[in-house]
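Each of the two chains sits in its own frame; use the hints to bring them together as a complex.
Residue numbers (the working numbering), protein chains in the order written: chain A, 1 to 270; chain B, 1 to 278.
It should be emphasised that the hints constitute simulated quantities derived from the structure, not laboratory data.
Keep in mind the model is a prediction, meaning the values are calculated, not measured.
The reader is advised that the hints may include incorrect statements.
[To be verified] Coverage of chain A stretches by chain B, computed from C-beta distances (three or more under 8 Å per stretch; other residues unrestricted): (1) 16-28; (2) 201-207; (3) 220-226; (4) 257-266.
[Said to hold, decoys possible] Here are the computed distance ranges between Cβ atoms for each label pair: (5) B:Ser44 / A:Val243: 29 to 37 Å; (6) A:Pro115 / B:Ser44: 25 to 33 Å; (7) B:Gly102 / A:Leu213: 36 to 44 Å; (8) A:Leu213 / B:Asn246: 39 to 47 Å; (9) B:Leu58 / A:Glu74: 42 to 50 Å; (10) A:Ser58 / B:Val22: 34 to 42 Å; (11) B:Leu244 / A:Asn89: 48 to 56 Å; (12) A:Arg140 / B:Ser44: 28 to 36 Å; (13) B:Arg268 / A:Val243: 26 to 34 Å; (14) A:Asp41 / B:His249: 29 to 37 Å; (15) B:Tyr274 / A:Ser265: 32 to 40 Å; (16) A:Asp108 / B:His249: 26 to 34 Å; (17) B:Ala146 / A:Glu212: 56 to 64 Å.
Ideal Cβ placement from N, Cα and C applies to all residues, glycine included.
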Amino acid sequence: MPESIDPSSKPLLRVEELKVYFPILGGIFRHKVGEVKAVDDVSFTVNKGETVGLVGESGSGKSTIGRAIIRLTEPTAGTIYYGDTAISNLQAAAFRPYRKKIQIIFQDPYNSLNPRLSIFEIIGEALEIHYPAMSRADRRERVTELLDKVGLKRDHLDRHPHEFSGGQRQRIGIARALAVNPEFIVCDEPVSALDVSVQAQIVNLLQDLQEELGLTYLFIAHDLAVVEHISDFVLVMNNGKIVEAASAEAIYENPQHDYTRKLLSAVPKL
Amino acid sequence: MSTPLLRVENLGIHFGPLNDPVKAVDGISFGMEAGETLAVVGESGSGKSVTALALTRLLASPPARIVSGRIEFEGSDTLLLSESELQALRGKQIAYIFQEPGSSLNPVFTIGYQIREAIELHRPEVDDVTAEIIRALDTVGIREPAKRLDDYPHQLSGGMQQRVMIAMALACQPRLLVADEPTTALDVTIQKQIMDLLKELKRTSNMAIMLITHNFGLVSDFADRVAVMFRGRIVETGPTAEILRNPQHAYTRALIDCVPKLGQKQHRLKVIDYAGID
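Chain B on its own, in the form it takes in the complex (with noise of 0.2 Å):
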C-alpha cells in the first residue's frame, strides 16, 4: 500500500490559559490519498480553518498552542519541519486560497506581479516565468490573460479576484489545494463559476483539494469524502453519498437540513437543536 499524501492523527490545537483552554481542536485523526478530494464541513468556532492552518504550521503561537498528535505529508512530520523546510513545504507543497479574495491579494502589486513572485520562489528551473503566469491565468478561465497582468487587485471583481488566487496557488503545482471557504463571500451565481472550476481541475490535475464550507449544498458533486466537525471533534466522517443519503450523527443531519431547497416551501426552515445534540 501506498503512503497517503496526508495523515492527521490525534491532533490536539489549544488556545487561552494553560489550565482552562479552548480546545478549537480536539484529538482528530484524518487521511487524503493524493488526488483526493475531502470536504470538511462545519460551522463557525469548529475548528475546521484551524485545522487547515496547522497542516503548515500557519497558526500564530502563542495564542495557539498544538498539544498533541502528528501531521505526516508524504511520510514526513509537518509539526518536526524547521522554519526554512517549512518555507520549502508552504505553497509549493500546500497550497491555500481563502475566504475574502479582496484582503488576500496585495493592493499596491499588480496580480501579474505577485504570481510572479510566487513561481521564482517555489519553481526557480521555470524559464519563461511570463508564459507560465498566462497559462495558469488561462486554466482558470480568465480570458486574454496576457492583457490582465498588469491590472491591480481593485481593477477585478471578487469572482475574478478569487480566480487570481486560484492561478497562484496552481503556478506552483501543489500535491494539495486547501480551499477555506472559497466562495462564501461571493454571489451564489459567482459561487457556481468557482465550484465549476475546482471540479474541472479535480478532473484534470492529480492535486488533492480540501473544501472548508459551512454550506453542505456545496460538496455533494464535488468531494469524494466528507468529514463533519462539531467543537473540534470530527463526528462523522465517508464517502460523501452515503454521508448525504445516511448521516448517522445527529449534528451531520441537522447541517444538511438547514440548507434552504428550492421548490421545498416549508413554514419554517429547519434550524439545528444543539441541546438535542449532546
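For reference, chain A alone in the conformation it holds in the complex (with noise of 0.2 Å):
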C-alpha cells in the first residue's frame, strides 16, 4: 500500500485488495467461459483534503475502480472503507448516506446531463432526495448559490443543457456533484473531453474549490501532464494493477516502472 505524503491526515478512504471481474458469457446457454479481471488486487489510500491521480490508458480498469467506490459496479473481492465503515458491504439503505458524502463527475458533459430538464432540475434533483424537506424557493436559492460558485449565472437556472458549451456543461456536472455538501469527489476524466483552454478553467475550478470547501479527490485521467498538475499522489494503472504509487513528483523526476515511462514520453511536449 503506498505511504501517505503527509502522515498526520487521515485516510478518508482506503480501498484494500479490491478486484472486479467480469465474466464472459459463451455457449449457447450463455454461461460463464472466462472472465477479465478489469481491476486485479488493487490497494490504496486517499487522505482527507488531498488528491490523488488515478492514470493509466482505455481498459486500464481505472474507471471501473471509481465506478465501485460509488457501488456503480459491485467488486468481486475486496473492500472499501470511508472512514472506518466497509461500504462496500452496506446494504442499500445503509449506504444511502454515503451516496450524499461521495459524488462523481463524469467525463463526457454531452451525455452525463438529461436534455429534457432544465438547469435547476438537473442540479435540484439531487437535492429533492438528500434533503426532502427543503422547499421549491429554498431549492433554487441553492442552485443559484451553486451556479455562482462554479462560475455560471442565475438566469441560466432555467435553461437546457443544449445551450451551453462542453466546458460550461462540465461546470454543471460540478454543481449538481457539489449539491449535496459531499466531502468526496470521483473525478472519472473530466477534462478528457474538452479543448485544452477549457482544461485549464476546469482544473482551476476544481482546486479553487477543493480549497475553499477541503474537499477530497480521486481524479481519474490518461494524460499524466494534467494528473501530476493537479495530484499530491498519483497511482499508475496497467491492465487491472497498479504498476506504480508514488508523490507527483517523483513520479515525474524518477519513473520507476517502464509503463510509467510509456506514458511519461507521450505527453506532447513544448
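Rendered as C-alpha cells:
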C-alpha cells in the first residue's frame, strides 16, 4: 500500500485488495466461459483534503475503480472503507448516507446531463432526494448559489443543457456533484473531452473548490501532465493492476516502471 | 515561381440571419505549398473546422453561406466547380480524417469494403484493388492487414479505427490530407502513435497535411507552419519554431501557456484572459 505523503492526515478512503471481474459469457446457454480481470487486487488510500491521481490507458481499469467506490459496479472481492466503515458490504439503505458524501463527475458533459431537464431540475434533483424537507424556493436559492460557485450565472437556471458549451456543461456537472455537500468526489476524466484552454479553467475550478470546501478527490485521467499538475499522489494503472504509486514529483522525476515512462513520453512536448 | 497547392483569399463564411450573421470565418487568407504541413490552431468555435470543410464545399448550405473570397486548389477556384467536379476533388485530391473515427466509418460494412469503395471510385485504373487495400493498411501500421480486411469497425479500437480512416484517405493518393482533430477522442498514448504515423507520412510522401487542433502541444515537432485562429480570423501565422519561441499575439501566447507541462508544477494552470485580448 502506498504511504501517505503527510502522515498526520487521516485516510478518508481506503481500498483494500479490490478485485472486479466481469464474466465472459458464451455457448448457447450463455454460461460463463472466462472472465475479464478489470481490477485485479488493487489497494490504496486517499487522505482527507488531498487529491490522488489515477492514470492509465483506456481499459486499464481506472474507471471501474471509480464506479466500484460509488457502487455502480459490484466488487468481486476486496473491501472499500470510507472512514472506518466498510461501505462495499453495506445494504442499499445503509449505503444511502454515503451517496451524499461521495459524488462523481463524469467525462462526457454531453451525455451525462438529461437533455429534457432544465439546469435547475438537474442540480435540484439531488436536493429533492437528499433534503426532502427543503422548499422549492430554498432549492432555487441553493442552486443559484451553486451556479455562482462554479462560475455560471443566475439566469442560466431555467435553460437546458443544449444551450451550453462543453466547458459550461462540465461546470453544471460539478455544481450537481456539489449540491449535497459531499466530502469526496470521484472525478472520472472530467477534462478529457475538453479543449486544452477549457481544460485549464475546469482544473483550476476543481482546485479552487477543493481549497474552499476542503474536498478530497480521486482524479482519473489518461493524461499524465494533467494528473501530475492536480495530484498530491499518483497511482499508475495498467491491465487492472497498480504498477507504480508515488508522489506527483517522484513520478515525473524518477519513474520506476516502464509503463510510467511510456505514459510520460506520450505527453505532448512544447 | 510554381503555383501553390492551395490558396485561400479573403474567405468569409456566415451562419444565421442575413441581417445579423454569425461570422464563423471572417475574411481569412492563407496558402499551402505541395508537401507542406500546416497546423491550424484554435479553440472550439474559432472557425478552423468550418474553413477545412469549405475547401471542398462540404458545408451544408443553408445554414452556411460563403459570402466572400476564393479557394484556389492547384490553380482552379473550388467555389466555382460543378457538383461532379467537386466529387472528383473530394477524396481524390483533398482527403479528410475526422475527430471520431467510430462515427466516420460505416458500422455495417467491413473495413476492406469501405477502402475498396474509395479506391474503385477514385482510381479506376487500379487492377488489383485488394493488393492496394492491403498496402494502404500496411502503410498505417496495421499488422497482418490481409487478415483484417473482413473486420467490422466495432472489432477495432479507436486508435485502429483512426488508422483505417488514414489508410482510406491514403489509398486515393490525395495531394492534401486534412486531419481535423484526429487525436482528440484518443488516449495520449494512442495520440502519440497517430501523430508518429502522420510524421512518418510527412517524411515519406509528398502529400501536404493540414492539421487542425486546439492543442499547441501537438504542433511543435510536426508542422512546418502554424496559423492561429481566433473568432473567425487568423491572428498570427508563421514558421512553427518561431511562433512557439516568440509568439506576437496575446491569444497565441495564452494558447501556448494553457497547455499543462510536465515537471513544472504551478499553483494554478494559466487560463486565457479573453478580456485582455480584445
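Results of checking the hints against the structure:
1. 16-28: Violated - the segment 16-28 of chain A has 0 residues with a Cβ nearer than 8 Å to chain B, which falls short of three.
2. 201-207: Holds: 4 residues of the segment 201-207 of chain A have a Cβ under 8 Å from chain B.
3. 220-226: Our answer is that it holds, as 5 residues pass the Cβ test (under 8 Å) against chain B, meeting three.
4. 257-266: Answer holds; 5 residues pass the 8 Å Cβ test.
5. B:Ser44 / A:Val243: 29 to 37 Å: 35 Å, holds
6. A:Pro115 / B:Ser44: 25 to 33 Å: 19 Å, violated
7. B:Gly102 / A:Leu213: 36 to 44 Å: 37 Å, holds
8. A:Leu213 / B:Asn246: 39 to 47 Å: For B:Asn246 against A:Leu213, whose Cβ atoms are near 41 Å apart, the range 39 to 47 Å holds.
9. B:Leu58 / A:Glu74: 42 to 50 Å: 47 Å, holds
10. A:Ser58 / B:Val22: 34 to 42 Å: 36 Å, holds
11. B:Leu244 / A:Asn89: 48 to 56 Å: 54 Å, holds
12. A:Arg140 / B:Ser44: 28 to 36 Å: 31 Å, holds
13. B:Arg268 / A:Val243: 26 to 34 Å: 30 Å Cβ-Cβ, so the 26 to 34 Å window holds.
14. A:Asp41 / B:His249: 29 to 37 Å: 52 Å, violated
15. B:Tyr274 / A:Ser265: 32 to 40 Å: 34 Å, holds
16. A:Asp108 / B:His249: 26 to 34 Å: 32 Å, holds
17. B:Ala146 / A:Glu212: 56 to 64 Å: 59 Å, holds
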